[in-house]
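Q: As you go down the protein sequences, you meet chains P and S in turn.
Letter 86 of the first sequence, counting from 1, is numbered 85 in numbering that gives the first Met the number 0, and no numbers are missing.
Letter 57 of the second sequence, counting from 1, is numbered 56 in numbering that gives the first Met the number 0, and no numbers are missing.
No wet-lab data here; the hints were simulated from the structure.
Heads up, some of the hints might be wrong.
Unchecked claim - For lysine-lysine, the following DSSO-like pairs were computed, each having C-alpha atoms within a straight-line distance of at most 27 Å:
hint	chain 1	residue 1	chain 2	residue 2
1	P	Lys521	P	Lys540
2	S	Lys42	P	Lys529
3	S	Lys41	P	Lys531
4	P	Lys538	P	Lys521
5	P	Lys275	S	Lys42
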Amino acid sequence: MDIAVGTTLDRYVILAYFAIVMGFGAYFGKYSKTTSDYFFGGRRFAWWLISISIVATGVGSHSFVKYSTKAYQYGLSSTMTYMNDWFFIPLFMFGWLPIIYYTRVRSIPEYFERRFNRTARYLATMMTLLYMIGYIAIQFLTLATALYRIYGIPLMMTVILIAIATTVYMHFGGQTSVIFTDLFQGLILIFAGLLLFFLGIQYLGDHTAFSGLQAFWMNLSPQEKLPLAHFNHPPDFNFVGIFWQDGIAGSVGFLFLNQGLIMRFMAAKSVNEGRKAAAFNVLLILPISAIVVSNAGWIGRAISNALPGVLPDGLAANDVFVAVANVVSAPGVFGFIIAALCAALMSTADTLVNASSAIIINDIYRPLAKKAKSEKRELELARWTSIAVKVIAVILVPFFNSFDSIYEAHGWFHSTFTPPLVVGVFLGIFWKRFTAPAVIATFVVGAFLMILGQFIPELISPFSHGIELRPGRGYTYIGALYNLVVCASVGVIVALFTKPDSEEKLYGLTIFDVHKLKSIFKGSPVNEEKGKNALVKWKVKDTDNNVIRFSKSDMDLMKALPGDLVYVQDSRWWLGGLKSAHSTFGEPHNEDGVAYINSMHLDHGQFVEAYQLKAEKEM
Amino acid sequence: MEFANTWLPFIYLYGVGGIAFVLGMLLILRTKALRVSFERDKKWLWVLIYGFLFYAGLHATFILLAIGSY
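Start from the sequences, fold in the hints, and give me the full structure.
A: Here is the structure:
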């Protein structure tokens with residue numbers, strides 16, 4: 000089908016959107032002073048900021064295309080993958096999140112070295128980088144596929160232009176820019192997705208006998224209203240396969256191994272803020288995101304059921320989103336919706352690029368560099384690395400363009416790269432007996448058995464739950480169960496035949512030590528006494544020590560003692576911690592309502608004299 | 000509508016997923032990663048249980064609505 004390509008107004012709207020995002024992101028570059036700021040945003044942000052910026056990371060441009068397609072074909076069951084993440088949330092919130100936050104692990108591969116050894120780190124680095132750079136390439140490809148039709152620029156040229164646009168703000172801003180542009184883009188894409196839903200319902204109301212939500216609901220068949228797919232049929236969309244591929248491997252992969260997501264949580268001002276962000280995201284934002292990415296397909300299905308001929312019979316699966324948006328929206332609005340598709344791409348790509356860059360610096364450059372380099376040099380290198388990552392991703396685009404569909408390319412990624420890492424990290428955190436040789440065997444032998452399963456699908460048949468084996472195409476989703484089983488089996492068997500690590504080596508790296516992590520992080524006993532926050536003015540008093548000093552009565556209010564950890568932020572809540580700093584309580588002084596900070600705190604927090612600081616004792 | 004289309008996926012999702020959830024809860028409680036003696040952790044315990052029931056309730060409601068419109 001030849002999709003309509005929008006109007007001149009639509010093209011201007013899309014260009015204006017790109018310009019706004021680039022300017023917005025570049026502005027926040029001034030908050031990146033060190034590699035810690037560049038990669039992790041300085042561990043300072045409020046939960047709501049983290050939560051909304053995660054939306055934009057989780058919803059990629061491929062999500063709109065992929066879920067609209069399934070929604071058009073099968074109805075509400077397209078939401079399955081957005082609604083099955085809660086099962087591992089307890090382990091994430093109270094196991095993995097405190098471990099990565101308090102041990103100051105800067106990347107997933109670094110955890111593998113601390114928990115196992117350097118070989119495990121390098122293997123994990125290789126697999127993680129391949130996964131992420133490929134993922135970025137898919138994002139570029141998806142958006143370019145939509146945009147090149149609108150602007151008439153060749154596909155590869157469109158890919159390069161998109162890569163340059165994301166580079167402008169990322170190059171200077173790093174994680175802080177990523178978080179703030181993602182906040183902006185997250186709101187845009189939720190709004191645009193819900194707007195499309197509203198316009199679609201209005202369109203159905205205007206052209207059918209029903210009105211409002213009824214017009215949508217009554218024009219779907221009972222089968223299309225079911226929230227879960229048929230148990231094991233058809234082979235390309237069944238419940239049990241998708242449960243193992245996405246609900247188990249995908250959820251663990253996303254929560255425990257997505258470096259971009261992990262870095263976002265590490266930008267939270269505390270572990271508790273990270274937990275709030277995770278809970279809010281999964282309980283509220285994910286169901287909304289499911290509607291945002293799927294509704295074009297549902298509306299398309301309802302239109303096809305009620306008004307045959309409006310959408311062409313031969314509508315290609317990947318064209319559903321653009322076709323429906325074009326039918327239900329006016330010129331300019333269509334451009335805005337496509338701009339939301341851009342938002343989805345740019346926000347996912349920037350997170351992954353920043354994460355890949357962090358891995359290259361932390362897990363390749365630093366371990367191999369003979370001498371420690373200055374922060375300035377590393378920051379510069381990080382910026383250039385993010386450009387290199389994009390160049391490689393652009394080079395990979397033609398390879399992914401050779402797959403039959405974006406859905407297939409994406410599925411290939413998950414099934415190929417996730418299971419060994421999932422098993423490695425999961426057993427590493429939750430089973431002390433799991434050893435370095437076991438994790439290496441999981442990566443190497445497990446990967447070999449997985450590849451064997453790709454070539455001999457009969458090996459997967461015992462796990463198939465009755466799903467039909469398609470000749471020449473193998474099993475699409477249930478292969479994840481086979482992959483998990485072979486990787487876990489190899490890991491467990493080797494672990495049982497190798498000598499376990501000492502308690503000393505594992506200290507702080509498994510769930511069994513989570514309750515001790517706060518004191519490890521602080522370096523002294525934790526002060527859990529509950530105090531109140533203090534509102535104070537500030538003065539710069541340069542001292543040699545990295546401490547902030549408060550009056551005796553302010554410290555009493557906070558129930559704080561010298562040596563406890565303190566977090567100060569601009570008192571304007573809506574800044575979400577952008578202007579903030581972490582430090583240690585110094586000895587008290589006698590000037591009530593005033594905090595003595597040093598120039599380093601001021602430089603990091605960019606505090607404004609007219610505004611008070613809100614101070615809180617951390618631990 | 001056949002069972003494999005309606006309640007079987009639901010039972011499998013909250014049966015197998017439920018095992019993962021319960022094992023996770025037991026692990027964080029037994030290792031004291033979540034300490035119910037702390038007021039804040041106690042609230043989190045209820046949030047975690049609520050989340051599980053919220054999704055199970057949401058899926059069950061939509062299945063009933065779809066069956067009802069058959």
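Q: Run through the hints listed earlier and report the numbers of any the structure violates, in increasing order.
A: Going through the list in order, the structure violates no hint and respects every one.
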